[in-house]
Amino acid sequence: MADSRPPKDTEDAALSERLKNLGDRLGTLAPKIASRDEDGDTVQAPGGSSNLGRAMRLSSEFVAGILVGSFVGWLIDYFAGTSPWGLIVFLLLGFAAGTLNAVRSAGLVAPQSWDRKQD
Amino acid sequence: MADPIAQFQIKKIATLGHIGGVEIAFTNSAAFMLAAVAVTVGGLVLATAGRSMVPGRVQSVAEVTYEFVADMLRQATGEEGMKFFPLVFSLFSFILVLNMFGMIPGLFTVTSHMIITAVLALLVFFTVLGYGLYKHGFHFFGLFVPSGIPIVIMPLIVLIEVMSFLSRPISHSVRLFANMLAGHITLKVFAGFVGLLGSFGALGWIAAVLPLGLTVALTALELLVAFLQAYVFAILTCIYLKDALHPGH
Numbered sequence: 001m002a003d004s005r006p007p008k009d010t011e012d013a014a015l016s017e018r019l020k021n022l023g024d025r026l027g028t029l030a031p032k033i034a035s036r037d038e039d040g041d042t043v044q045a046p047g048g049s050s051n052l053g054r055a056m057r058l059s060s061e062f063v064a065g066i067l068v069g070s071f072v073g074w075l076i077d078y079f080a081g082t083s084p085w086g087l088i089v090f091l092l093l094g095f096a097a098g099t100l101n102a103v104r105s106a107g108l109v110a111p112q113s114w115d116r117k118q119d
Numbered sequence: 001m002a003d004p005i006a007q008f009q010i011k012k013i014a015t016l017g018h019i020g021g022v023e024i025a026f027t028n029s030a031a032f033m034l035a036a037v038a039v040t041v042g043g044l045v046l047a048t049a050g051r052s053m054v055p056g057r058v059q060s061v062a063e064v065t066y067e068f069v070a071d072m073l074r075q076a077t078g079e080e081g082m083k084f085f086p087l088v089f090s091l092f093s094f095i096l097v098l099n100m101f102g103m104i105p106g107l108f109t110v111t112s113h114m115i116i117t118a119v120l121a122l123l124v125f126f127t128v129l130g131y132g133l134y135k136h137g138f139h140f141f142g143l144f145v146p147s148g149i150p151i152v153i154m155p156l157i158v159l160i161e162v163m164s165f166l167s168r169p170i171s172h173s174v175r176l177f178a179n180m181l182a183g184h185i186t187l188k189v190f191a192g193f194v195g196l197l198g199s200f201g202a203l204g205w206i207a208a209v210l211p212l213g214l215t216v217a218l219t220a221l222e223l224l225v226a227f228l229q230a231y232v233f234a235i236l237t238c239i240y241l242k243d244a245l246h247p248g249h
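Sequence lines, in order, name chains B and E.
At position 100 of the first sequence the residue is numbered 100 (our numbering), and the sequence of numbers has no breaks.
At position 240 of the second sequence the residue is numbered 240 (our numbering), and the sequence of numbers has no breaks.
Hints are computed from structural coordinates only; laboratory data are not their basis.
Virtual Cβ for every residue (Gly too), placed ideally from N, Cα, C.
Treat the hints with caution; some may be incorrect.
What the hints assert, rightly or not - Okay, the calculated beta carbon distance ranges per label pair:
1. Leu-224(E) / Ala-106(B): 15 to 23 Å
2. Leu-92(B) / Ala-62(E): 20 to 28 Å
3. Ala-13(B) / Ser-147(E): 36 to 44 Å
4. Arg-74(E) / Ser-59(B): 50 to 58 Å
5. Gly-107(B) / Val-189(E): 42 to 50 Å
6. Arg-57(E) / Ser-59(B): 53 to 61 Å
7. Ala-106(B) / Arg-74(E): 22 to 30 Å
To be verified - Among chain E residues calculated to face chain B with C-beta under 8 Å, some are:
8. Arg-57
9. Gln-59
10. Ala-62
11. Thr-65
12. Leu-159
13. Ile-160
14. Met-163
15. Ser-164
16. Ile-170
17. Ser-171
18. Val-174
19. Leu-181
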């Protein structure tokens with residue numbers, strides 16, 4: 001039988017060489033993949049869908065802050081009878097919280113955390 | 001043109017009983033949730049039945065899903081967060097299957113109703129709150145006190161941080177529900193154009209090629225969104241759980 005394939009040991013050497021190459025490339029790629037998603041949100045997919053997702057995300061964060069602020073203010077007014085001051089003050093606070101949420105969600109401000117300060 | 005909102009209508013299938021004069025009905029939404037649970041559980045049982053060393057097709061899907069969620073949770077919360085794996089995996093698979101059901105024409109999209117996503121988000125919110133208080137006690141409220149702030153504006157900052165914390169379940173739930181709702185309405189509207197233009201005769205049918213192509217493209221986009229939103233919901237859950245878990249050492 002004519003053996004067109006290379007002998008066994010050179011084949012093994014070639015295979016291990018390829019595996020080593022692959023391992024090296026994975027080693028350089030893996031940290032990139034891991035660091036990409038620190039914020040935890042939408043992976044940066046190319047194209048328009050990620051921009052739409054971002055818009056949706058930021059606006060929902062912002063609106064949520066205002067909604068919660070006005071609701072808390074209304075509750076305080078309802079129980080303490082301080083209408084309309086609770087609503088006014090907490091609406092403004094909610095506005096601030098919404099802005100904070102949005103900026104935080106965009107990754108421009110450190111997230112809410114009590115990890116590092118106590119060291 | 002077909003009503004783009006009609007697809008979200010809750011329909012009663014059977015009445016189960018009355019509690020305080022309020023009818024408790026088994027609806028199409030409930031039926032689809034049951035179906036989603038059945039598909040998830042059934043699929044996983046089927047996939048793990050063989051337990052071969054070299055996984056088959058179904059088993060690989062189950063293994064990849066497991067690895068995906070486990071890695072996501074481990075990266076966000078560390079090893080001690082793995083006790084929440086059942087919660088995160090259940091949420092992820094439940095939402096993913098419901099979203100994918102929504103992509104099948106004619107089926108109901110449960111996650112396009114805010115009440116569903118709000119309940120899921122509140123479940124996460126109260127889990128974080130409950131576990132954080134249980135594990136760290138009063139110390140948990142240190143979350144609201146950032147470091148390095150002058151004492152004068154501290155009360156203001158703390159109030160804002162509390163608001164920010166309280167608004168989490170809202171943005172958590174709105175993101176999923178709004179994406180599903182908007183996507184399905186857009187899809188329906190563009191598909192509706194095809195029929196509308198077709199009613200104008202031959203020239204209309206030629207013009208209808210454009211919305212038809214868009215509908216096909218949008219369907220692909222919606223498939224991506226359906227997966228991505230399940231992923232985003234799960235990863236946000238992980239990030240919130242991190243606050244409950246990590247002790248301030």
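Q. Taking each numbered hint in turn, which are not upheld by the structure, reported in ascending numerical order?
A. As far as the earlier hints go, 2, 3, 4, 5, 6, 8, 9, 10, 11 and 19 are violated by this structure, in ascending order.
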